[in-house]
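Chemist: The primary structure of each chain is shown beneath.
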Amino acid sequence: MGVPTVSMVTMAFNELATSTAFKKGMPGLRVTLTPHPITGRTTEESNVYLKSNDPVSGKPMLEQIVAGLRDKLAEQDKHAGIIERGERPRLLPPDTADNLQQMFQDKLWTDGLPVILPTEEKVQAMLKGTSHKPDEIVGEMRPSGPHEAWKFTVEMVATNAVMAGAKPEYLPVLLAIAATGQTSLFSSTSSFARMAVVNGPIRDEIQMNSSIGALGPFNQANAAIGRAWTLISKNLGGSGMPGSTYLGSTGNPLNYGNMTFPEAEESLPEGWEPLHVQKGFKKDESVVSIFSGWSFNTIAWFSPLPLQDVIKNWLTHFFSFGTGSATIILDPIVAVELKHNGFASKQQFADYLIEKSANPGWLYWSTHEEDYKKAKEGVEPFASYLKLGETAEIPVSRYVRMPPRGAPAGTPPRNPVEVLAVGGGTNLYWSGGDFSHVVSASIDKWR
Amino acid sequence: MKNGKLWLLNTVLFISALLTGTVTAAPDEKITVMNPRGIMPAIKQIPMADRPGSLDGKTIYIVDTKFANTKPFVIAVRDNLAAAYPKTTWISIDKVGGYMQDDPNLWAEIKAKGHGAIVLLGH
Chain B
1 MGVPTVSMVT MAFNELATST AFKKGMPGLR VTLTPHPITG RTTEESNVYL KSNDPVSGKP
61 MLEQIVAGLR DKLAEQDKHA GIIERGERPR LLPPDTADNL QQMFQDKLWT DGLPVILPTE
121 EKVQAMLKGT SHKPDEIVGE MRPSGPHEAW KFTVEMVATN AVMAGAKPEY LPVLLAIAAT
181 GQTSLFSSTS SFARMAVVNG PIRDEIQMNS SIGALGPFNQ ANAAIGRAWT LISKNLGGSG
241 MPGSTYLGST GNPLNYGNMT FPEAEESLPE GWEPLHVQKG FKKDESVVSI FSGWSFNTIA
301 WFSPLPLQDV IKNWLTHFFS FGTGSATIIL DPIVAVELKH NGFASKQQFA DYLIEKSANP
361 GWLYWSTHEE DYKKAKEGVE PFASYLKLGE TAEIPVSRYV RMPPRGAPAG TPPRNPVEVL
421 AVGGGTNLYW SGGDFSHVVS ASIDKWR
Chain R
1001 MKNGKLWLLN TVLFISALLT GTVTAAPDEK ITVMNPRGIM PAIKQIPMAD RPGSLDGKTI
1061 YIVDTKFANT KPFVIAVRDN LAAAYPKTTW ISIDKVGGYM QDDPNLWAEI KAKGHGAIVL
1121 LGH
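As you go down the protein sequences, you meet chains B and R in turn. Residue numbers for the first sequence follow the numbering used here, so the first one is 1 and each next one is one higher. Residue numbers for the second sequence follow the numbering used here, so the first one is 1001 and each next one is one higher.
There could be a bad hint or two in this list.
Said to hold, decoys possible - Computed Cβ-Cβ distance ranges for the label pairs, DEER-style:
1. B/P134 - R/G1097: 16 to 26 Å
2. R/A1068 - B/S144: 10 to 20 Å
3. B/S52 - R/I1091: 16 to 26 Å
4. B/K445 - R/Q1101: 31 to 41 Å
5. B/M402 - R/I1031: 25 to 35 Å
6. R/Q1101 - B/P37: 34 to 44 Å
Stated by the list, open to error - With a Cα cut of at most 20 Å, we get these calculated DMTMM-like pairs of lysine to aspartate or glutamate:
7. R/K1066 - B/E45
8. B/K356 - B/D309
9. R/K1071 - B/E370
10. R/K1030 - B/D309
11. B/K72 - R/E1029
12. B/K23 - B/E87
Honestly, the hints are just simulated from the structure, not real lab data. It should be emphasised that the depicted structure is a prediction, and the values quoted were computed from it without experimental measurement. We treat Cβ as the ideally placed atom computed from N, Cα and C, and that holds for glycine.
Chain R extracted, bound-state conformation (with noise of 0.2 Å):
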């Protein structure tokens, strides 16, 4: 009788429990949730253009993006990289537009007249 009671007490507190929904997990029972992220697209690899093995007699063109105050650095890089490879021709070019846009007219020129190319540089 006493154990009937008992019996009768829990199990109105666990339909109490679950009406106001106070019932939670156990802490240590394990629960299935949802991926919260979103779907990433492939990747599609892009070779690379082959090296020459060496730049002599070649022209790289070096591509100014103009960040703001950074044209001193831009310079230095054309005349450090003069100075250390001679034999190799540096060019300086601004790209046009602000450092987001494209520029395809100057890719175009790049890649019919040059050999490679550096591509800076910002903050």
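In isolation and in its complexed conformation, chain B is listed as follows (with noise of 0.2 Å):
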């Protein structure tokens, strides 16, 4: 900005800010803190805070600020120029396998759990996994938006493919994901959860399952997969650095296995596109598709109703943490059951969810406050909306067809309510959340 400034920010984010300050240059920046958190305080309580110190420095809040101003610079801060973040050694000095196991629990290299240790043998010999060169740049992942992007190369990749206990065979699917530069530990107070889902000949060339119990653990591939990418997204991403670089604030149990998952393309009804192919790719390409969201429901209702309707009935009354998109996940033989009730695409029974999607008063009132103004000011139809009472559905869906937040003009609207297909058909189950399509990304390219 070229002129004096000092930040404010709530204690809770004091080393994100020193952090990032850093990161961006800037290793000196003025913060002052406040106590946390802030949203919702009223004049009075604020009054009260701004009277007290900063609760990290112990110094007056406002006498801080102005200071941070005012106040002649050290030397250091007038710098400009390179700051070294050292060198990066390809190999790390030798130990015993105890104490190296030790070490990356310590330095959160892990999930927490042991990791295969990557000797120099077992990563050429995941390497054999793709033709690509080991010394090639891949791609670089960022924990979120306004984080530094980390670059890696493929013999990186395998390295922590080693670690989640990969078998080369997978490595094409990871180098796939991990060139999406998509973390799978994105950075918000939120707690995200992602998504992996592969489609193509590659699923059964690697013997991933998408049948009884593919969400769960009992398939090394599709285990073994979504582990590597949380590995992936911490050591050559940046993230997942509690108070710096992950900030959730209760965490993601789904960021474990990253619900990685192939789709049961051959259980599909005549006309029902694998995903890939919904997103234009060929059927034959391999490909994995990143989803992102925060929570998934998994739901066998038997109802009087037919199943679009059950489905759709959930959808409206469901409220999570992102209630503006939905991904469906079908067992295949709900699928079926659909095409029979007469939608002859997945495109088609999306649409159904989209169109006929209510929003419960509540949510729309809470989602909707330019609307519920002029409700109370008498404007129709609003109006009539809030005479129906929280609880009734306002008759306007909440799926709305639009760009990503934040794409560049001209992005073209992204489908907010996805539908997928897996499962071993032990019964009509079928699970809903909050997630949605993010990029999808050819597998084969990294063969």
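Take the two lone chains and join them into the complex the hints point to.
Modeler: Spelled out as structure tokens, the structure:
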């Protein structure tokens, strides 16, 4: 900005503010901390806070702000130039296996569980899973938009693949995931989860499980690929340091395996395209698709209503952090029943859900403040909606086709409801959650 | 002869262990592993703006990044500073968009018309 600046941040983000200032090139940035949280505090409470001390420095808050804007700088704050990060050694210093395991844990290079130690021999064997050179740059990844991006090579991805217990034949899937630049540990206070869906011939080649228990701990490829994505995110994407590059307040158990599974393409009813074909790839291409969200419910609800309406009504009343998008995962026998009920394609069923899902009143008004003001002023149709009451359904879908948030102008609208199929057909189960499609990427280019 | 048989037995056991993959490093044996970490970017240090030594007669912008439900605190920051430092002009202003969105027009305005900024807040 070019003028004296002070940042005010709540004390929960002290480490984040300090580390971000350093990484952005201003390690001396003046920061004043407030008690946490500030959201929801009244004017009276705010006045009490502001007349007290910065809870970390112990100095009077207002005086510290003014001093940060006014007082002459230290010499090191005026420096320009490059701050060295230290040499990155390819090999770590020799140690015993037990000590190395402990060091990996202590440095938060794992998911909290023991890893396969990545000896050079094991990494060399892993590299046989791709034709790409070990020193080729695969891409870059960051914990979220404001954070710095780290770069990484094929060999570095292979190293993390070994740690996760992957086989060499899984490596192209992991390289494709890594090349998307999508971390599985997106840094937000809201504890994001991610999902990876694999389509195409590679599902069978590496023996992934799309049948009974596909989302559970029953298959090496599903499990190891999902786990490796977390290790890649931590070690190659700079993610996952609680307090600085991970702020999820409660954390999310889905981050362990990242809901990694292959779509049950062969069990889809005729006319229902696999996900990668929906996204513009050929059926015989191998593709991984990344989804982002927070939570999932698993449901089998038997009702005299048609299945599509049970799902639609559930979607109307489903509430989670990300209420503007949804992904429905159907057991293939549910998909067959929906086809029987008249839905000739996945997209036709998705469109039905997008158009017919309504909003419970309490949710509609909490997400449409302007409409609420109009309703209070008697403006129609909002006034009539308000008369329906808080629990009634407002006939406006909350699943709206719009470009992804922050996308450049001209970006086509995303599909707010996605439909996938996986499972062993043991019952008419389906799952629903607030996940949205982020990107689909070729696996074949990394073979 | 007895020693010869023992040697032969040990050799057979060792080879079979090798073949079945049951040979592991001794607990105190040191091994070398690959570094799992990626490549951090270089950091280009930005010199901080010179401070004036006094804020008397100066204009300071208080930039609200508009995190939900924090407006009373932002206004209180402005009012408390104005009461404690009346010789300085304190202007509170909203940044455009959400808290993640850049606002180059506002930064240009502050540089042209102001002498400093307080950027806040969140959560």
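Chemist: Hint by hint, say whether it matches the structure.
Modeler: Structure-based check of all given hints:
| no. | hint | result |
| --- | --- | --- |
| 1 | B/P134 - R/G1097: 16 to 26 Å | 42 Å, violated |
| 2 | R/A1068 - B/S144: 10 to 20 Å | 18 Å, holds |
| 3 | B/S52 - R/I1091: 16 to 26 Å | 24 Å, holds |
| 4 | B/K445 - R/Q1101: 31 to 41 Å | 34 Å, holds |
| 5 | B/M402 - R/I1031: 25 to 35 Å | 53 Å, violated |
| 6 | R/Q1101 - B/P37: 34 to 44 Å | 22 Å, violated |
| 7 | R/K1066 - B/E45 | 19 Å, holds |
| 8 | B/K356 - B/D309 | 9 Å, holds |
| 9 | R/K1071 - B/E370 | 18 Å, holds |
| 10 | R/K1030 - B/D309 | 62 Å, violated |
| 11 | B/K72 - R/E1029 | 56 Å, violated |
| 12 | B/K23 - B/E87 | 17 Å, holds |
In summary, the structure is inconsistent with hints 1, 5, 6, 10 and 11 from the numbered list given earlier, while agreeing with the others.
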